[in-house]
Each structure stands twice: as C-alpha cells, then as structure tokens.
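*Asks:* Just need the whole structure built from these sequences, with the hints factored in.
Sequences listed follow chains A and Y, in order.
Here the numbering used here runs 90 ahead of the position in the first sequence, where the first position is 1.
Here the numbering used here runs 111 ahead of the position in the second sequence, where the first position is 1.
Since the hints were made in silico from the structure, they are not lab data.
Hints may contain errors.
[Said to hold, decoys possible] Here are the simulated EDC-like cross-link-like pairs (lysine to aspartate or glutamate), alpha carbons at most 20 Å apart as the crow flies:
no.	chain 1	residue 1	chain 2	residue 2
1	A	Lys191	Y	Glu212
2	A	Lys191	A	Glu97
3	Y	Lys219	A	Glu97
4	A	Lys191	A	Glu255
5	A	Lys98	Y	Glu212
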Amino acid sequence: MKLTTGEKIFAGVNLLVLALAGLVTLYPFLYTASVSLSTAAEANRTSLHLYPREVSLAAYRMVLGNPDIIMAYGNTLLRTVLGTLLTLLVTCIAAYPLSRKELPHRSMIIFLILFAMIFDGGIVPRYLLIRNLGLMNSVWALVLPTMLTAFNIIVVKNFFQQIPESLGESARVEGASEATILFRIYIPLSLPVLATVGLWTAVMHWNQWFDAMLFISDNSRQVLQTLLQRVVIENSTQMMEIGAANASDITQFTPETVKAATVIVTILPILLFYPFVQRYFVKGILLGGVKE
Amino acid sequence: MKTHSTFTYRRHRELLLLILPVMAIFVLFNFGPLIGLVIAFKDYMMSHGILNSPWVGLENFHRLFASEDFPRALRNTVVIGLLRMTFGFILPIVLALMLNEVRIHWFKRGVQTLTYLPYFFSWVILGGIFLMLLGSDGPVNALIQSTGHSPVNFLSNNGWFLVVLVATGVWQSAGYAAVIYLAALAGIDPGLYEAAAVDGANRWRQTLHITLPCLIPTIVVLLILSLASILNAGFDQIYNMYNPMVYDVADIIDTYVLRRMQTLDYGLATAAGLFKSVVGLILAVGANWLAKRISHGEHGIW
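*Replies:* Written as structure tokens, this is what we have:
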C-alpha cells in the first residue's frame, strides 16, 4: 500500500509522540536509578540526573546493610509466597463446585460473592474484625482476608466451565471423588489461567501496604512497602542514623540517594519478572468482565 | 433420573463439602465486618466492645455533615473522581489509537511495555519517586529555575497539587487501560478497512468511519462502569502524596476516614465509611443496569 505524503507525515509525528510518551514513562525510574548510584556530591548537583556522572554504591551498601530492610524483605517474600499459594488453592476449591450447574444453592452463593464485591463495610469494621480475631501482627492478617476475591473465583470458575464435562464424567463413573477430579483433571488443565491469577496475586501482595499499615505494628513483622513508606514518604531519618552508626563512608550518601536506593531495592524483583509477568497480565485484563 | 438419585446425592454432598469451608472463610472476612457497621449508630467505646456500646441513633451522621471536614472531603472526592474519570478515560483511547497505527512491530511493543510498567508499582513507590521529582530541590524545579522562572510548589499549592494528582494518575494507568481498547481494535474485521480502501478512503477517514464507530460500544460501557467507582478517588495515590497544606483540595472520604480512625473517633469514621459504601453500592447497581441496557445485556460488571 502506498502512503500519501500526509499519511507519511502523520506516521512520523505519531512515532515521535509515542516515543515521547515512552520517555516520560521511563524518566522517573531513570532518575531514581541514577540518583541511587550517585555519590553525595553528584546527587546534590542541580541536574536532570539522566545518568550518574560519579558512581557510588554507598547508598546500596547502607540500605542492604540495614537489618530492618532484610527482615522486611523476608516478610514481604513470606506474605507473597504464602498468600499466592493459598489464594490459588482456595480459589480452585471455591470455583470448582460453582462451575457445576447441579450445585445446590449455586445462584445464592454467586449472589453472595458478587454482593461482597460491590459492598464493603469500610476500614473500621475490617480493622475491628482482624483485632477481634486476634490476628494483629500476624502474617495471617495479610493473607487470609484477601485470599478469596470475587474476581478470581469467577475467572477460574468460567475457565473450569469450558473444560468438557465428559472428562469428569468418565472419572466419576470409575469412582473418582469430586476432589480427585478437581485436583487430577481440572487443575492440570487450567495452568494458564492459574498462572495469570497467581501472578496478579503475587504482584498485589508485593505492592500491598495498607493492610500492613493497619494490622502490623511490630517492627520485626513489617513488610517492605511500609518500611519504604517510612523512609521515602514520611522522611524518617532512623535509617540514616543506623546507617551512620554502621557505615564508614558516611559522607558518601545523602537522604536522597538512600531513598532512591530503597525504592530500587523494592522494585527490582518486579522489574526482573516484568517481561514474563506482563504477558500473563494482559491475558488477565482480557479475561475481563466478571460475568456469569 | 430416579436410579441415579443416590449417585446424585453423593455428588451434591461432595460438592457442598468442598465449597462450605471456603465459603465460611469468605463470609467471615467479607460479611464479618458488616457487623461492625453498627458502630456507625453507636458511641463506640473500646472497653465496651461493639455490641455493648450505647446506641446514639443518627448522631454520628449529624456530626459528620455538621462538621467542616466531611462535606469538604465529599466535595473533593467527587471533584477528583470526575477529573480522573475525564482524563483517565480520554488518554488511553488516544494512546490505543496511536499505537494501533504503528506498523513497526518492535516499536509498538516497546512503547506498550514501557507505558504499562507503572501499573506494576504501588503508590508508596510511585508517590515516593514523585515527591523527589517534584519537590523544591527536585530536577523538575531545577529545570524550571534554569529557564529563569521561579520554582513551582507542586506539592503544597492547591491548584498545582490537583494537576499533579491527575497527571501522575493518568501516567500510572493509561498504558494499562489502553490494553482493553487495543484488544477491541484487534477484533475489528480487517475486511472493513480493505473495502474502505477500495472505495478510496484514506487512513484518517478509515479511523473516523470504521475504527471509532467500532470502539464506541467498548468506550460507552467502560465510561458507565467507571461512574460506579467515582467515589474511589484514589486513596493509595493521595495518601502517599498529600500533606496538610493541600487538605483543602486533596482530603477525600477515604483519607478522612483513616485520620478519624487514627484519632480513635471510630463512630464518625464508620459512619463516613458506611455513607461511602452505600452511595457506592447504589452507583454500582445503577451503572451495571445502565451498561446492560445500552449493550442489550452483553456488558455489565455482573
């Protein structure tokens, strides 16, 4: 197909604007990475900080040398792994009976699930429930309430419904229990949708901070995001003080380089998995509409 | 079916045994908190607990609407919600249409991957980065000063803060939202374009007369459904970026509830949260009804 001059100009401008959009998206991350790798003098220089002219790893030495960060990393990893595995398990167990038309009271159960999706009691009742259950300062407060969501249940249920019933039927004739059919036939056939739900859940757990802010006050149970919040948003200087006590190269970092390094340390795992995760995420969005 | 009745019964029992424990957990964490909603009508005292605190009727709601802060938070929520809806709605469509015109595959993929990236990070991270970028010593102000202008108080000036909220909000979600439109675009029958090209329609006319009309149903449905969440003005973002200097424009219902809770005024916080939940429920049911009606039952949240 031959393009007219006007169309060629449009195509050029289009590419230029899109490239600009890409750069605007990238710049905040580039800036953060650049500052995190800068010496104190370089970080204090007035500049766009596209790249560090004088490189120093002092901020990273300080951040990674901080036992609080290592502990928070462990806690975040724990909630992510535990939360994702539990979510997958209970979501499948809930979705399988709901995918079967003969389940008694099926429409009432689905109504309950959908109602919970569009109505919640707000944070005070949620907070009081967790406190009354004695889950404060426990990783269970972070994984149990989010374990079953209407969206996940219905996405997996819809996927299960596409699996031919004859597969389960023949196993049933041979005396297999419903649980066996779920774990031996349905789950192995549903790995793509489970990968999508699993990755959604893992990213959600890695990024979640609000529940930890409400339910976790014990410092040794703190997750990465709430620690980051103290350092970056609330400008807590506690990290700097600990760092100053431990580090020999105290003149090598500034509050800014430490903040930036903390941000990079937090987002690095997501960045590493991003190319892989992105594919499933797009699929997940398109699984889309929570429909019957 | 009579011969199968024991078989059917066994099957039902097994299915119920599978779902009952998980539904019990679901009900505990999703409906358990609803019991706590009675606090909205009580003078909650921690020593008395939820059930034994004295009833006060609608007193908490009276206090809420008589106060200065809550009506302001309500107004801010609606204003920010509408701003986010407007800009967060137009730009993804533009982005998707522009990406759809790109014929260089790696470029299209690259831009998509980049613009999609911020969606993967929490607002603790993004808020932290923007506080650094837009602060008085940040690179944006350095750039402004180097052109001879005086620095801008992005984070403490009411008007600028709203601009920052909307701009960074769109920056974070546009790439993600564009994915849905790109999928709709990919679903358009290529035969339509070929026929139009034969009739001598150029690319611009094709966009105007084929692409846009094909997108309209998706656009309308998404717009209506976004009405349902208008009261979710972006708690995560605002909480991590605002400060007392901009409460006048940036304090929304969710941040108000959290601060009331932190000052242990549980009755007021619960009442405000309940108000938001009820209005949100009405909006969601209404939006779903409207979306279904317009799309002849094809689209809706449920």
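*Asks:* If a hint holds in the structure, say so; if it doesn't, say that too.
*Replies:* Do the hints match the structure? See the list:
This hinted pair does not check out: Lys191 (chain A) and Glu212 (chain Y) have alpha carbons roughly 44 Å apart, beyond 20 Å. Simply put, Lys191 (chain A) and Glu97 (chain A) have alpha-carbon atoms about 54 Å apart, too far for the 20 Å limit, and the pair is violated. Between Lys219 (chain Y) and Glu97 (chain A) the CA atoms are separated by roughly 18 Å; this keeps the pair inside 20 Å, and the hint holds. Distance restraint check for Lys191 (chain A) and Glu255 (chain A): the Cα-Cα separation of roughly 11 Å lies within the 20 Å cut-off, and the hinted pair is therefore satisfied.
With a C-alpha separation of about 11 Å, the suggested pair Lys98 (chain A) and Glu212 (chain Y) falls inside the 20 Å cut-off, and the hint holds.
In this structure, the hints that do not hold are numbers 1, 2, in rising order.
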